[in-house]
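**Q** Chains A and L, in that order, are what the protein sequence lines are. Those letters in the first sequence? Residues -14 to 971, by the numbering used here. Those letters in the second sequence? Residues -14 to 971, by the numbering used here.
What you were told as hints is all true, and nothing was included just to trick you.
You can't tell identical chains apart in this list, so a pair holds if it fits in one copy or across any two.
DMTMM-like, lysine to aspartate or glutamate: derived pairs with alpha carbons at most 25 Å apart:
hint	residue 1	residue 2
1	K77	E109
2	K77	E540
3	K815	D645
4	K509	E940
5	K84	E540
6	K492	E876
7	K87	E540
8	K87	D411
9	K84	D444
10	K370	D25
11	K492	D883
12	K942	E921
In case anyone wonders, no lab produced these hints; they're calculated from the structure.
There are 2 protein chains.
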Amino acid sequence: STQRGFYFARRSRGLATLKPQTSLFSPLDAFPERHIGPDDHEASQMLAKIGYNSMEAFIEDTVPPKIRISTTTVNNSSIPAFSESQLHARAKALGGQNKPFKSYIGMGYHAAVVPPVILRNVMENPAWYTPYTPYQPEIAQGRLESLVNYQTMVMSLTSMDIANASLLDEATAAAEGMVMAFFSTHQKRRTFLVDSGVLPQTLAVLRTRAKGFGINLVVRDAKSALKEQALRTDLCGVLVQYPDVNGSIRNFEALAESVHSAGGLVVCATDLLALSMLKPPGEWGADIVLGNSARFGVPAGYGGPHAGFFAVTDALKRKMPGRLIGRSRDTTGQSAYRLSLQTREQHIRREKATSNICTSQALLANMAAMYAVYHGPAGIQRIAKKVHGFTQVFRSAVEAVGYTPENKTFFDTVTLNVSSVAGSADAVHSAAAAAGVNLRRIDDARVGVTFDESVSPEDLLALINVFTTVASASSLTMANLKQPEAPAIPSALQRTSEYLPHPVFNKHHSETEMLRYIHHLASKDISLVHSMIALGSCTMKLNSTSSMIPLTWPEFSAVHPFAPYDQVKGYHTVIKELEEDLCKITGFHSATLQPNSGAAGEYAGLCVIRAYHESRGEQHRNVCLIPLSAHGTNPASAVMAGLKVVSVQVHPDGNLDLADLQAKAEKHKDNLAAFMVTYPSTFGVFESGIQDACKIIHDNGGQVYLDGANLNAQIGLTDPATCGGDVCHLNLHKTFAIPHGGGGPGVGPICVAEHLAPFLPSHPVMPVKGDQAIDAVSAAPFGSASIALISWAYVKMLGGQGLGDSSKIALLNANYMASRLSGHYTLRYKNEKGRVAHELLIDLAEFDKSAGLKVTDFAKRLQDYGFHPPTCSWPIPTCMLIEPTESETLEELDRFCDAMIQIRKEAEDIIVGKQPRDNNVLRNAPHPISAIASTEWNRPYTRQTAVYPLPYLLEKKFWPTVSRIDDAYGDINLVCDCPSVEELAS
Amino acid sequence: STQRGFYFARRSRGLATLKPQTSLFSPLDAFPERHIGPDDHEASQMLAKIGYNSMEAFIEDTVPPKIRISTTTVNNSSIPAFSESQLHARAKALGGQNKPFKSYIGMGYHAAVVPPVILRNVMENPAWYTPYTPYQPEIAQGRLESLVNYQTMVMSLTSMDIANASLLDEATAAAEGMVMAFFSTHQKRRTFLVDSGVLPQTLAVLRTRAKGFGINLVVRDAKSALKEQALRTDLCGVLVQYPDVNGSIRNFEALAESVHSAGGLVVCATDLLALSMLKPPGEWGADIVLGNSARFGVPAGYGGPHAGFFAVTDALKRKMPGRLIGRSRDTTGQSAYRLSLQTREQHIRREKATSNICTSQALLANMAAMYAVYHGPAGIQRIAKKVHGFTQVFRSAVEAVGYTPENKTFFDTVTLNVSSVAGSADAVHSAAAAAGVNLRRIDDARVGVTFDESVSPEDLLALINVFTTVASASSLTMANLKQPEAPAIPSALQRTSEYLPHPVFNKHHSETEMLRYIHHLASKDISLVHSMIALGSCTMKLNSTSSMIPLTWPEFSAVHPFAPYDQVKGYHTVIKELEEDLCKITGFHSATLQPNSGAAGEYAGLCVIRAYHESRGEQHRNVCLIPLSAHGTNPASAVMAGLKVVSVQVHPDGNLDLADLQAKAEKHKDNLAAFMVTYPSTFGVFESGIQDACKIIHDNGGQVYLDGANLNAQIGLTDPATCGGDVCHLNLHKTFAIPHGGGGPGVGPICVAEHLAPFLPSHPVMPVKGDQAIDAVSAAPFGSASIALISWAYVKMLGGQGLGDSSKIALLNANYMASRLSGHYTLRYKNEKGRVAHELLIDLAEFDKSAGLKVTDFAKRLQDYGFHPPTCSWPIPTCMLIEPTESETLEELDRFCDAMIQIRKEAEDIIVGKQPRDNNVLRNAPHPISAIASTEWNRPYTRQTAVYPLPYLLEKKFWPTVSRIDDAYGDINLVCDCPSVEELAS
Ligand SMILES: Cc1ncc(COP(=O)(O)O)c(C=O)c1O
Ligand SMILES: Cc1ncc(COP(=O)(O)O)c(C=O)c1O
Ligand SMILES: O=C([O-])O
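If we strip away everything but chain A, and leave its shape as in the complex, we get:
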């Protein structure tokens, strides 16, 4: 019969790292074979295509022999491989070591209630967590809309004129606020006053940041300090916390007037939930309002990731850091969202940057926005009233048994003096611990208690009875708890204005509607669930399910960042192991996970270098050499660390101009602090002179900062230490598989050589390093700790062998593509052996003249082929930077190359005059469905040619939802919203 006797597949897949089981006892779910796209057979095909008969021969030609490391440095002995199920079991076991105490610590962190529909359909949905930053708005309208919801929510609750689409956390947002205040006085006034009610972690980050900018930070009771004329004349701004760290809601109206009359700005750190009941800062005179939006449905996650919010008055909008989404129009006049970069300072050519923010917290901002959509104004008000009401009940109950509330006003926090009842705070903390709850530790006499949405009546009762027990009073029952009659907020501070009236916040309240809204938005966005996203310098690889799963387990997600160390042993094992593995991989001595992004890592690394120089009495070293090809965050970070940026020339092929480096290093040798360099370079070049370059710096007293964004090219082959660096950051959201989340979260750990280790950042609440440590760079001691789990799982599941194989295949994939495309496009760089690194730079300059085509035209046309365009116009304005990563199969690489080659043919038609220069498939790209649905069709090509230029598109195509968004509205050609070296070099 026809169906019988099936033949075997001609070939079955057997990946580089997947051999037939050699042992019956080796696990069947080894991760490398699932992570790495090409199999053995494909790899040999690709090697053959580029002229090699072995991987080793190819690597010899690709990675400079001088910097190669021993094959034993990163292998399965140094980093053993766990299978997917082994990793799962290990994560479960470690999760079990985190003790699930109920937290009343507060201090800006709360146990969020994540609406299940958002948890599963946003946070756990690869369609939401794998996309890139929405630089290609035609294929990103979904999350752009959601980010606009986020901005709107922040504006509405704060009553401010404009808000951005998130910053890294509350503390760094406060630092951005301070710097804005400083620059608003043209750096003439150096005093920034911080009220003593501000969160300690915010203060620590301000201290670090003030140092770099030379700001004079004064921490005092703001009201009294403002009476001093000396302070007033040098005042650039004031930061207040509303409600403050101890829970008080203070009326800052007079203070705001006083600051304004002194010529400073009012910066207010606040809480979005409280603002649903409190008079919003925008109504009492704040100029800048910021905070953490995590309370809106984002898990505590031992510190993050969370979206910091940031809103300003209209007058300040052009100075605001971070990404801003705006409403615009496409070529047909249809309304469309896009990144509005042009209004903000980083995109205005200026001598100095004030912010380096690039990766932000898009995914978490989207979760918070969805929370507001789901609850709406009425729901948010109910939640706020409950939180406030529980606080009232608690406060009365403990007051009744003798405790003394210190704050007269409050929203959700009570600071109690316990000494008269309990003797010391310790007695209360011990009783609390015995009951499985954490309170805020303030001092010997006082404890803090903060309520959140997650507290149940039973929790409340249990908490109250911790206090009654310590007071030797009789325990209460539910029946004893009296409902307050009215909120206890002073009437002058009660909110009277409305919020969130927009339709989007008032219709998706049934789960069905919410589900559909979430999926409808997701359907507009291209992500890794659709096709390869070959973004040079961004390393969009597989974000595996098995590395994502533990993240949303409560044992990891529901942990307060200031929980006592003995409750977070599981987390600490994860952090320690990841730090150790990153050190093995980079060749360095120590690491910190505190920075929340690559740029934050750069900044932290430079601060460490400065501290090192300072420890040697060389605080005057303040020059930072940066090649012109550097990513814009490099010079921005240098400026923030108080360094003077000096540019170093780059050869047209991407290599550093060593002579120029030598000259500049010598010229600045007395003040040389650091050299920042990306390796392989931003051109995708393994420069053979890297060690020489580093030697030049060291010889002139400087330290080498290696930007590790391109580490994916290196693992197991070379490492930053061997290249000559002293410190590097890694983008865990690139090389180590944390998903990009549509523009964040990120983690930017830094790894340092032994001599820099003492200076790694500490934390004011949970000190993490020794006494030479610099102050905190992020709000949480371990930054966005929860997602470190992803990279930990990634490293453990690949093991040393898989990590090395990944880098090799990443190099092979890029070189295969270079080979396929090079007959058709101008490859900007190859080494002497004809090899590129893990990415390739193609130059489209020629088409401007020959066909009137710009990079953007090629990029938009790629959308029609179902692909997200590669990085455009960076690091060279006329180029595309293509990085396939190891996770893409040969078939997918070929599909992308086929598309690029077909587009080249389309360009040829224009060059030879077969198609007009001003009305062709590239210039008119992308073509959404609405374009071909129109009755009229006046174009010199068919609808078929417009939308199905290659046959594979008939089966699988991603459709842009709008046509090209008018260039006049923005700078879509930028990689990140960060300035170039030239713009920044002073």
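Given the coordinates of chain A, assemble chain L with the ligands onto it according to the supplied hints.
**A** Positioned in the frame of chain A, the structure of chain L with the ligands alone reads:
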């Protein structure tokens, strides 16, 4: 400034069951407000629109007063409401009461390893779990393709000619096989031989089924039994298990020849994983091959849901039960998948049905198919070799310390005689329990041990050491475990033929590729994430995330159905509470969750009725009255239960012809067994005569079977007991929010009056009821136990109040739609007050004459409007049956009505001759993108009119991926692949 001073929303949502918090201590995450679509405001708008000023007045007119129940029967006292987080906590606590023993019990159930990418992106993805059965192939190509993968996988591994798209479980699949064998001899031969190596639960289900059909079941060693001539002459078939229950792999080649020469069919129950190493049944003469495919990545789930597979030879394909997907073509000639019903017996007019299968196990079949796609032939072989290898290691190790393996051949199972070493099996079971493992309990002397993919080397060692300890031998270490050199399968029984050579099983092996394949298929299918699916009689309501989440927790998903009761206390609480709540809701005394679908519930209920009659010495009662309007499964189930179907007339308005009922009941009074009736009727009618009808039956000695598919109209208002029934089934996958899974799973519990309770089905391995119980109707004691969690959560979260409100809003939504549509379409039925029940039947007959339009044209055109069509041509060929459910908001109802009304206008254009009868938007519907992308456009309407007939479609539209699939290939007008009463009435 412009952004300040936002005004409040004009109205904010406040659902029927969501009032502002009356108590500070009531939870904020009450479920009813999320589940029910319309809010208070919308509800009053709708009531006003249909002429009422109160809900109660509306209900008075809608539900016959005589059958109304007290408002205290179903309220928050009788069924208290849990909030979403309270339910979560309760589920966690109950999960904690299930003890996670490692199971080696086997017997057809295994601990599956679900690939994480499939777990998260299929099983936990609403895009996969919320769609309906793919009766509308143009918007279901994704899961149709996946089901074809499933069929192909089964065919390839079994080496059979054709396979269906799943049955309910292995035992019912075996029963279907037996019945096919019986009918293949035209019911002339009544002996069906079951080999003693068959699983006990299969045997139990066969016993139940044999009884109904009057089959003579002989359980013997098949080989020896076949020597008896008497048996041979009456033989219709033989069932063998391969490998058998004790693990032996027997060579059935000679047996098959012998059966064939006797004129019977060979039915083989088998294991897909074993078949990757064993000579497949298709190669040694099996005619029918079946089993459970759950081992391919579907969790054990305490018994299910799992996909039973079923494959046959080409000669039998037209007799095969269940759904079959085939490849076909659309109007443009593009290849497309669809349900190929016409080749199978249920759709051939015949006097008697032999199967009632309707809801099957699509979601689980898709998971199993995706598992095969992910692993491919090489991966599956590795898994099989590991399982077999571990079995070899275990067997040698325990043999070495004195245990006696009884089976000479084996794949994954060893039956050990332990008496010489351990005295009795009990000693071994106690030692096993102490080590946290379960073994198969056989008898005093023997234990069974079965291996699966999930067993780690450490597990294996621990298991071996249970046996060494009992034997007082020294414990082994990993170093003692010797890898076998070669498989231990007799060479004559080794597989030599290839399997799964098809490209789909040989390319999606990286996680990235797998992820993209899963999402690509999902992108072709409409589901509840897109828009309302108003399928009459199918109740497509919200499948809430919070009810789905516990399902994939290991404490519920990784439990073997034969685990000792003391290890499953959590499950038993869930089952008991759900049964009790269903009894409160139906007014009955007892319930069982064993049936795996509504149809299986019908069958079980009728068997219970028969057992009841038998207990009273009235086994002759064998007539079943069924109205002509009944769902096709009703008569099919009756036939299976050995009943003679007698049809009862129905008035054109849908009401039962009580006179005819009376006449038939009296005519058959001596033999009247049962009356089956759906309430509200399949016309969407609350017949006021229901109690009279039931009385007629009771007066004539019959029992009333109430088909509860429409229970969603009743809760808190009336109940099946009050209506006069003795037994009813409920479709938990309709009323109780188990998602439809694209065609299953389902749960069809039956609830019975006290006099029937003693007869509820038991189970041979885990007896669940008293000694009058009928034999099992499903393989697992509690059927698809894991998904009962969903309904349990649903009931608990709505509470009595929310359940009642849901029914009220379901009625209101349907009546609102009836009102909006009635000016435009002919409403087939309204009661004397002008009300319909929870669904409405519109008759499109008139358009055939006036415009040449059939129901299908309207249905396909609805696809162009982004909607899944309602139930078509059932229960009346010219009608659509529209059921909105309570979860849809007024906005969505309006959107659907707008679409219907616009289509009516389009029809008008044809009627008045503005558009041609043979070439118009309805006849040409649906219009996929490819249709409007064509260069040519010869249609008498524009592309815009074709695809964007209403403005909302510009923002949100679901695109069919193919054009209409040729009618000549099938029966798209059927509701389920089940025969009508007329076809079945004998
Ligand atoms: C070379 C390089 N350095 C630094 C960064 C900044 O990293 P992040 O976006 O995480 O701040 C990037 C980001 O694209 C980069 O490509
Ligand atoms: C009235 C009625 N009865 C019975 C059934 C059969 O239920 P199931 O598909 O779960 O077997 C259905 C299914 O649509 C139905 O509508
Ligand atoms: O994510 C979705 O597949 O909709």
